Structures are given as structure tokens and as C-alpha cells.
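Residue-level listing of the chains:
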Amino acid sequence: MSAYLLRRLVQSVLILIGVTFITFVLLYALPADPARMIAGRSATTETVERIRAELGLDQPLPVQYGRYLARLVQGDLGRSYAQKVEVEALLASRLGATFLLMIGGIAFELLIGLPAGTVAAVRRRGAFDRSVMVGAFLGVSAPQFVVGLLLLYVLAYKWPLFPLGGYGSIAHLILPAVTLGIAGGGWYARIMRSAMLDVIHQDYVRTARAKGAGEARVVTRHALRNALLPVVSMIGLDFGTFMGGVVVVESVFGWPGIGQLAWQAIQIVDIPVIMGVVLVSAVAILLGNLLADLVYPLLDPKIRYG
Amino acid sequence: MRRGWLVVIVVLALLAPSGIPTWGQGRATMIVTFKDDVSTLDPAIGYDWQNWSIIKSISDGLMDYEPATTTLVPHLAESYSVSADGRTYTFRLRRGVRFHNGREVAAADVKYTMERVLNPKTQSPGAGFYGGIRGAAAFGEGKAKEVAGIRVVDKYTVAFTLDKPNAAFLHTMALNFSHVVPKEEVARLGADFGHKPVGTGAFRVKEWVLGQRLVLERNPNYFLRGRPYLDEIVFQVGVEPNVAFLRLQRGEVDILGDGIPSADFVKVMADARLSKLVAVGDQLQTGYVTINTQVEPLNDVRVRRALNMAIDKGRIVRIINNRAAPANQILPPLMPGYDKDYKGYPFDREQAKKLLAEAGYPNGFRTTLYANNTDPNPRIAQAIQQDLAAIGVRVELKTLAQSTVIEAGGTKGGAPLLWSGGMAWIADYPDPNNFYWPILSCAALAPGTWNWAWYCNREVEKMVEEADAMVQPAQAAARAAKFRQIYRKIMDDAPWIPVFNERRYTMHSARLGGVKGIFVDPIHIPVHYDEVRVQSR
Amino acid sequence: MSVLCPAPERAVGGRIAAREEPPGTCGNCVVIPVDSERAVTSDQRLPPASRGAAAAARTHMARRPPTVWLRLKRSPAALLGMLVIGIVVTLAALAPWVAPFDPAEQFFDGLTLEGRPLAPNGRYWLGTDLLGRDLLSRLVYGARVSLLIGVAANAAALSIGTVIGTMAGYFKGWTAAVFMRFTDLMMAFPALILAIALAAILRPSLWIVALVIGMVNWVWIARVVYSQVLAISGREFIDAARALGVPTPRIFWRHLFPHLIPTLLVWGTLGISTTVMFEAALSFLGVGVRPPTPSWGGTINESQSYFLEAPWLVAFPGAAILLTSLAFNLVGDTLRDVLDPTMRGRA
Numbered sequence: 125m126s127a128y129l130l131r132r133l134v135q136s137v138l139i140l141i142g143v144t145f146i147t148f149v150l151l152y153a154l155p156a157d158p159a160r161m162i163a164g165r166s167a168t169t170e171t172v173e174r175i176r177a178e179l180g181l182d183q184p185l186p187v188q189y190g191r192y193l194a195r196l197v198q199g200d201l202g203r204s205y206a207q208k209v210e211v212e213a214l215l216a217s218r219l220g221a222t223f224l225l226m227i228g229g230i231a232f233e234l235l236i237g238l239p240a241g242t243v244a245a246v247r248r249r250g251a252f253d254r255s256v257m258v259g260a261f262l263g264v265s266a267p268q269f270v271v272g273l274l275l276l277y278v279l280a281y282k283w284p285l286f287p288l289g290g291y292g293s294i295a296h297l298i299l300p301a302v303t304l305g306i307a308g309g310g311w312y313a314r315i316m317r318s319a320m321l322d323v324i325h326q327d328y329v330r331t332a333r334a335k336g337a338g339e340a341r342v343v344t345r346h347a348l349r350n351a352l353l354p355v356v357s358m359i360g361l362d363f364g365t366f367m368g369g370v371v372v373v374e375s376v377f378g379w380p381g382i383g384q385l386a387w388q389a390i391q392i393v394d395i396p397v398i399m400g401v402v403l404v405s406a407v408a409i410l411l412g413n414l415l416a417d418l419v420y421p422l423l424d425p426k427i428r429y430g
Numbered sequence: 041m042r043r044g045w046l047v048v049i050v051v052l053a054l055l056a057p058s059g060i061p062t063w064g065q066g067r068a069t070m071i072v073t074f075k076d077d078v079s080t081l082d083p084a085i086g087y088d089w090q091n092w093s094i095i096k097s098i099s100d101g102l103m104d105y106e107p108a109t110t111t112l113v114p115h116l117a118e119s120y121s122v123s124a125d126g127r128t129y130t131f132r133l134r135r136g137v138r139f140h141n142g143r144e145v146a147a148a149d150v151k152y153t154m155e156r157v158l159n160p161k162t163q164s165p166g167a168g169f170y171g172g173i174r175g176a177a178a179f180g181e182g183k184a185k186e187v188a189g190i191r192v193v194d195k196y197t198v199a200f201t202l203d204k205p206n207a208a209f210l211h212t213m214a215l216n217f218s219h220v221v222p223k224e225e226v227a228r229l230g231a232d233f234g235h236k237p238v239g240t241g242a243f244r245v246k247e248w249v250l251g252q253r254l255v256l257e258r259n260p261n262y263f264l265r266g267r268p269y270l271d272e273i274v275f276q277v278g279v280e281p282n283v284a285f286l287r288l289q290r291g292e293v294d295i296l297g298d299g300i301p302s303a304d305f306v307k308v309m310a311d312a313r314l315s316k317l318v319a320v321g322d323q324l325q326t327g328y329v330t331i332n333t334q335v336e337p338l339n340d341v342r343v344r345r346a347l348n349m350a351i352d353k354g355r356i357v358r359i360i361n362n363r364a365a366p367a368n369q370i371l372p373p374l375m376p377g378y379d380k381d382y383k384g385y386p387f388d389r390e391q392a393k394k395l396l397a398e399a400g401y402p403n404g405f406r407t408t409l410y411a412n413n414t415d416p417n418p419r420i421a422q423a424i425q426q427d428l429a430a431i432g433v434r435v436e437l438k439t440l441a442q443s444t445v446i447e448a449g450g451t452k453g454g455a456p457l458l459w460s461g462g463m464a465w466i467a468d469y470p471d472p473n474n475f476y477w478p479i480l481s482c483a484a485l486a487p488g489t490w491n492w493a494w495y496c497n498r499e500v501e502k503m504v505e506e507a508d509a510m511v512q513p514a515q516a517a518a519r520a521a522k523f524r525q526i527y528r529k530i531m532d533d534a535p536w537i538p539v540f541n542e543r544r545y546t547m548h549s550a551r552l553g554g555v556k557g558i559f560v561d562p563i564h565i566p567v568h569y570d571e572v573r574v575q576s577r
Numbered sequence: 651m652s653v654l655c656p657a658p659e660r661a662v663g664g665r666i667a668a669r670e671e672p673p674g675t676c677g678n679c680v681v682i683p684v685d686s687e688r689a690v691t692s693d694q695r696l697p698p699a700s701r702g703a704a705a706a707a708r709t710h711m712a713r714r715p716p717t718v719w720l721r722l723k724r725s726p727a728a729l730l731g732m733l734v735i736g737i738v739v740t741l742a743a744l745a746p747w748v749a750p751f752d753p754a755e756q757f758f759d760g761l762t763l764e765g766r767p768l769a770p771n772g773r774y775w776l777g778t779d780l781l782g783r784d785l786l787s788r789l790v791y792g793a794r795v796s797l798l799i800g801v802a803a804n805a806a807a808l809s810i811g812t813v814i815g816t817m818a819g820y821f822k823g824w825t826a827a828v829f830m831r832f833t834d835l836m837m838a839f840p841a842l843i844l845a846i847a848l849a850a851i852l853r854p855s856l857w858i859v860a861l862v863i864g865m866v867n868w869v870w871i872a873r874v875v876y877s878q879v880l881a882i883s884g885r886e887f888i889d890a891a892r893a894l895g896v897p898t899p900r901i902f903w904r905h906l907f908p909h910l911i912p913t914l915l916v917w918g919t920l921g922i923s924t925t926v927m928f929e930a931a932l933s934f935l936g937v938g939v940r941p942p943t944p945s946w947g948g949t950i951n952e953s954q955s956y957f958l959e960a961p962w963l964v965a966f967p968g969a970a971i972l973l974t975s976l977a978f979n980l981v982g983d984t985l986r987d988v989l990d991p992t993m994r995g996r997a
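Chains as they are written, first to last, in the working numbering: chain A, 125 to 430; chain B, 41 to 577; chain C, 651 to 997.
Worth flagging that the hints you see were computed from the coordinates, not collected in a lab.
None of these values were measured; they are calculated from a predicted model.
With a Cα cut of at most 30 Å, we get these calculated DSBU-like pairs of lysine-lysine: (1) B:Lys75 <-> A:Lys208; (2) B:Lys316 <-> A:Lys282; (3) A:Lys208 <-> B:Lys185; (4) C:Lys822 <-> A:Lys426; (5) A:Lys208 <-> B:Lys151; (6) A:Lys208 <-> B:Lys183; (7) A:Lys282 <-> B:Lys75; (8) B:Lys161 <-> A:Lys208; (9) A:Lys282 <-> B:Lys307; (10) A:Lys208 <-> B:Lys246; (11) A:Lys208 <-> B:Lys236.
Based on the sequences and whatever the hints tell you, model everything.
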């Protein structure tokens, strides 16, 4: 196991370097001039050129990337072009909120999706199954902006049950998490349903039933564990996606997450911040997938990574 | 080592009970919402419309404007005088003005501040405004250790000498870039000065939680007695305009920093109770389409005039819910030099088609229109597209991210037509030359210019230089008349299609008040923070 | 000859139940229809589930298309689904004749005097959008873009993801490492920035959208397929097939793939909705369709902040997306049941 972990770690570092390189090249190729954006609209050409030299943006690409990598290795993520604040400070100020939103989001996705999917599988083709299906599609198709705004309007404005967006307590977390749960719960419900259907007709389940075990016990003790495999993959994927920021939900609810930071940074081509966010997001994705890969053998001992 | 700090911060952020407001208990507090985070409060660097007015409350310049007007008055300066040749300005500072750290302001601080702006290391966007000071160029290139044209006469007197007379110089002394900062604090804080600014202003920064809120508190030692009225201002950032609007109606918020969301605009103005909370005023802004004079067939003035006649400005204004007034010239109505009698190009499709035929394009032609992709600009661009199609000009639309559009505009031959919405020119100061030098002059032409029309008329340039030399107050009327002439001439060349002048709609809670017009102060957006007060009910 | 049955994943209480069953009466065995007796060859030795699937696939698809079709026709759900898909495709194809107005025309009377869009009324049946254009016409024309992207781009992403996930999960070891790390890389890839860069450099077109979506969406399915193939390839019947010398492509197609169908179905159908919205996001960045070309997602995107004032601008395109993906789901679900032999005889 530790050999496997070590291998994964080394591979992850290589991937991170690859991601930073690709992003750096893309930003370099972008037809937008950060020096111009910083200099503002009334700047003379000399001012722009001086700013460009100050930031090292007049150097050729390999030199710029080399400098970036050298600083990165020492833990220096640079300073935001626009805010002049250290990128680490910007990220740190938002990581906690992003993490919280991720937990809340995944929790609601599972809360909504797993029971619905399981029951839908067990009562296949029944009215419940049909309504879960329609519900899942509705949730996935509904734009998150609209769902969030509606929730705010009804549950925070018309009836002040929750705060009108913002950040600070568990009460602030509920509505954004529910919005994420509605959007993602449908996936979990459908995946759970199809995985359960696949498993529920396996021999050992029939055997368990034949042995006289009650339906509920059959489902939870025997079928569920195997059906969870694809669900675990999706949780791993969600981990990565959410930690990379969910711009729409964050902006509707005023949640100080990384997504908003990334969006703003991309508008003004604030390269250090963009690189920082891409890095954090990549780490989260790699971590999410690694955790999922570590969980698979726990669910199914026959899984070996060879 | 820094990674370790990162982990600690993350853990603390997770564990700490956050954001229970500690403001507003028993104090006169105003809450303003913004969508974007406040970027920096360093007066030498801050140059977006959001932090511009906040910086005005944290630091001060030699000159300022009377609240809710565009009238220049001395501010940190007690008085000033101009030499006979119009090239030397001598300012006498007020005595006893103190920085937030307690030290008194002296003339040496003014010199330090200006040199800091002109120093390339600071990366100040405002350096270009002061290029006319003698010795500024040499200083910027590193050839001189100081700016020769700024002279500390005595402890409280400083003199500026310019290369040529500039009638707008006093306006540049009111810009944020010239706001005085203390040398020792800048040295101590370095790049963090933008987040812990020290100035002489009516407010100081009490608390700044990145991504969440910025809290300002009253400076009890402000040199203007009786100001500011408020004890505290809280800026909540990251708030979507639609949600901010809901919060305002619930009484949780005092001012919508980003304005009334377009979706609710009509509803608000139609509602008797809500419309009372909205202050309406004009801005020093024009929205326009730039026509690239370097691109065929737009290099023919007849084609440009035809395009001007093809746009149905009334319909476009309707699309944005009548939040603007149609424009027929380059300057906005509030600007001195605006010509009330100028008729501009009429909306006349037949005439437009005739002009095109004259120019050799009876069947029209193909071209490209760039616009930025934030609402409502794609819609306005599509409306323009339809109007041009009616005279045979088939336009391909490119709605892209703002930085990309700006880049395309600044590239020679890059953007044949460009709708400026979202990046439209708002005057830096209320003087007509500000609408010329950065965006219409030959001097501004270089890669990356904001003169997206790539327009250059040497004759007009000479006229503007002459107008700028009319420095004396007695010449003001003549100068305005000359600018009217200048802009008429530019409109004859039709490098732009002026479309509308946006009005400002500031929605605020009922409990706020102040002198008439502070919510639509042309210089302070959304409101003059020093002058607004909470009225007791 | 002994019939091999798929072994249980987890022993029930430590006992392995299936092996105790007498040969030939394996619970998962399929009664091979008499009329396909001739079709059965060396598959006889293969595990019944796969054998049945293989036989079914061969006979039903190659020899007896009507049987699957008949099955589909018998299911009311599938019929409904096919009807809806048929309607949408027809509308899209015949858009110029079906749409009441030009989708790009901004009508003067399409907006109120203050510039608000009109609710559904006698002239504009589904109302107008923020520029006074007829929503119905825009939806009809928009079906072209949204169908193309939602179905084709989604299918492409699905295929790529399945291939990569299967190869990684089956071969494991270095192959898996390379493929899955590549997948990780593509997941972390800043597609947004790529899209902005492409938008500025290239002429926007649907191909670029399809390309970007293809580049981005396959990673999710690859991860999920990977986990499933890992599990399935651990089952005995795969070992058996390998031991019997079945060529790898056949193992993939006949034995692995049927077990992946349910997952692929979920991603294929739910994915239509997310792909359509993704196209809207890309068009917003300037990569996709150029204004004023309509698309369902695009209409939602540009009108969603006006939701409380003009809900029809989100409700109708949203309903269109919902109905289309639901329709594909209905057909797909039934198809899955028809093709899955383990389902036969158990409703």
C-alpha cells in the first residue's frame, strides 16, 4: 500500500507540474495584456512598458515559467496583479468557505440522491421510481442560478427562515448546500439506482432472500456495499470539482469561495491568482481521485491495482 | 515554511466562529454592497470605479470638488496661485492636518507622493497624468534622482512647474493619484500598503476580511470639522445585485453599490414607494461604437457617417429600460464644452444607404463588431447588428471577455467596430480634454491604445493643445467654446457613433440623507461617503 | 461440461452459495431461445449471462431486428420517448417552415415601452425575449444547436471516456497508471481559459464547442467506468473467459460492456442537460454559436437573472431541455432492459 501511495504521490507531482505548465502557456497565449489591464486606460505607452518590465512580463516564456516554478518550489505563489496581496492570503481567506460548501454540497447530494435511488431500484417501475426519474432530470436540468435565487426568494425573503445569503454560520450554509444538492442529487439517485439494479439481481442477493433475510436487510447489508462503487467515484469527482470552486452558487449566495476569486481573476487576467487557483483545484482533484481509489478495495476486496 | 502557515490558516478558518457582526450597535453605520472584492486602497494604484470613491475617503489631495458638483476647490491646500505664464502652480498647505498615524502633513510629503506615483516601481496607472511636470520623464527613465519640477519652497509650500501650460492641471491635482501619503508608512508596509492604507482622510480602515467585508471607521481628527457624519461604513463584497436588492428591501442594506439590478429596474421605478428611494442623475459618461478608421471600408468618412445614421438610438435606449438618454455627440451633457445646440447625425436609413452607394458600396459590406459579454452589452450589440443590417452592412458579432475585447481594440486593424459598453469612457475629471487625449488623440496611438478608432487628425490635435494652454480662469468660457468647435470637427470625421449617455440610478435606504445630489455626485460613486448621514427618525 | 456461474462478490456469511447449485440450473443462466440454437457456437462454454447477452445481441440485432423493436414498441414509456424525440428532431429539421417568425428579428412591438419582454400572448405564443424576439421561433431553431451538442458531443465524450476507463480498469498496472493520470491531468486542465483563448483566436463555431466539450466531459465517465471495470474484471467469469482464450476485444464488447450499459445510460441521458448548459457557457465566452443564433442553453443563460420578472424565458427552454433528455432516458431505459439478459424473466 505504501508503495502504491508513494507512486501516486510522485505521479501527482508530475501532473501538477504539467498542469502549471499548460496553464502558464495558455495564459501567455491569451490575447490579453495584463500589463495593460494594470496600467489602466489612461496610461501612456511608457507606463505600460515599465509595468511590463517590473512584472517580468517582457521575458520570453521559458524564462517566465522557470522563475514561476523556482518561486513555487519555495512556497511563494506571488502577488495578485490587481490587489497586490499575496496569492496565499487570497486563497487562504477562501479555502475554508470552499471546503465547508463542499462538505455541505456533497452531504445534501447524498442525502437526496442515495435514498431516492435505492428505493427507486427496489420498487422498480413503480410510481416512486418514475417520480424519482423525473425529479432527477428536473434537478439536473434546472439552472443553478435560478434554483438558488428561487430558494433565496422563497425561504429567505418571503419567509425569513434563512439568512439572505452571506457567510458565517450553519444557517448560511443550508440554502447553498441544498442548491448544490438539487443539482447533483439527481446524478447520485440515477447512478445508485442503476448500480443497485445491477447488484440486486446477483446470486448472493437471491440467496440472502432465499435464506429468509428481510428486504431491508438484504438491501443494506448485501447489496448496498457493491452498489456504492460508482457512487464513491462520483464523490471523488465532486471533491475535486467543488474545491475548484462553484462560481454560480457562490455568487448567488455571496459565499466567499474560490470560484468567485477565479472568475474575477480571469476577467482581468490576474495571472498569479489564476495560477494559484488552478493549482489548488488540481491538488483537490488529484486528492479526490486518490481517496476514491483508496476506498474501492475497501468496498470490493477483489479489486487490486496490479 | 509558508505551506505550514497555509495549513494553520485553513484550520483556523474552519474552526473560527466567523462573521458575527460587531458593528452598528448604537452607531451611525451605513452598509454598502458590492459584487466584486475591493482591490486596493493605495491611492497611487487604485483605479477602478469601485475603489475610486473609497480612496477619496481615506486620503486627500491638494484639490477636491465641492460635494455633488464639478467645481474645483482647494482641499489639502489652503490656497494656490498660478504664475503669469501659466506654468507654475504654488500651493500653500493647511496647517495642522494630520495623517492617521498622528504626524502632521508637510510639503515634503507632497513631493514624496508625486515622485512615488512617477516611480516605475510603484506601477501606478496614473503616472501618465503627470508627465507634463518638468523632469518627470527623466525621473521615470531613471536618469534623475528626483523630479526637478516639484519644489518644496518651505515647510507648508510646494510649487509645481510644468513643461507647457495645461488648463486641466488643477484637475489632476484632485485625482486620487495625487493624494498625499506618509513616507514612513509606505516604507514600513511595502506592498501591503494597499490593504492597510494610511492617509489624512475622513475614514480609516478598521477591518478588512478578504472576500467578505471592508469596514471603515470615522477619523476623529479629520481636518474638516463636522465631517464625516457617519461613524462607520461596512462594505459587504461578493453580493450578487439581485440578492442585494432583496436585502435592501428587508432593510439589511443601505446602498446598492452596483446599482439597481436590470431585472428589477422597471418594477422599482414603477413602484411609488420604491422609486422614492432612487436618486437619478447624469454621469460624465458616453456609450459609443468606435469605428476603426484604419480598416477598409471604414476609412471612408462617408461610410462612417452612413453608419452613424443607421442606428436607432431610441430603440436601444428602450432595450435598456430607458436608463439612458440618446447621445448625438462625444461629450456627455454634464461636461463643460457640451454643445446643446448640436444636432448630430439624424436617424435616416435612406440617407445612410445613399451615402454608402456614393462611397461605392451600394450593396453594403461585411464587417465585425466586438462587444464585451456582460449583460446588457450582447443585447445592445445585437440591436446594433440589426440596425446595420437594415442598410446592408452585415455584421459578425464577437462577444468576448472584456480583456480580450480591449486587446482587440488596442491592436491596429484588430477591431473594425467596437461597442464600448462596460468599458465606456467615464471621465477621470470633469474637463473636456479628458475625452480627447486618451481616446481620440494622435499622441495616444500605440499598440494597446484606448483610441480604438485609431483616429488621428493633426489639425484637431493642434486645436486641443491651444485650448489646453488657455489656463487663466477668465478664459474658461472661451475655452469651452473652443472645445465645442473641436468636438464638432471630430464629429464631422465621425470616428465614433455616440449612442447614449447613461444616467445614474442610486438606490438607497430611506434613513440616509445629505445635501441635495450626493447620491448622484458626478465624482463620487455611488455616494460621497464623507457627506452622507443617517437621518434620525 | 460444467456451466460456470458468476461467483458472488461477497460470500454470504462466509458461504459461497452459487457453487452449491447443481449444474445447469444456475440462477443467472438464460434459457437460450430455440430459434437461435444455430447461433450458439463456442459461447456455450462461456458464463451464461454473457452468453445470453452475446446470443441475444447477435440474434436480436443481426438476425431479428424486429424483436428489439417489438419490445420497444410494447413499452409505453419508450413509445412516449421516441415520440418526443421524433417531434424535436422534426421541428429542428423543418425549423424554417415551422417557426412563425425569423428568430433573429427584434420586433418593435416585442417589448413594452419600458423595454420589458412580453409574456405569452396571441401573437407571440411563448412570449418574447429581452430583445423582443419571438421565443417560440428561437426555441424551434435552437433545437438544432442544442440537439447537435447535447446528443453528438455528449456521445463523443461518452465514447472516449468509456474506452479509456475500460482499458485502464481491465489492464491495470502501468496502463491504468498512464491512462488515469492522463485523466487526472485533463480534469485539472483549465478548460475555461482554453475556451477564452480559442474564442479570441479562432472563428467561433459549433466544432470548437464540440471539441472543448469532448476534451472536458469524457474525464468524468472515464473515472466512473474505471471503477466499475475494476470491480467487474475481478469477477470469475472474466478470468474464465481469459483462460479460455477469448480475444480481449470480445471480452470488452461481450462481457464488460453489457455491465457498463446502465452507467453509460445514466451519463448519456443526464449528460444531455449538462452538455447543453455547458454549450451555453461556452457561447457566453464567445467560443460557440455567434449571436444572434439561438440555442436553448443560451436563452436560459442570458435571461436567468430576469427569472423573477420573466419566468417564461427560463421555463420554456428549460422544459425543452428537460423533455428531450427525459425522452432519451425513457428510450434508453427500455433499451437497457431489452438488452440485459439478467433482466429477462424478472420484471
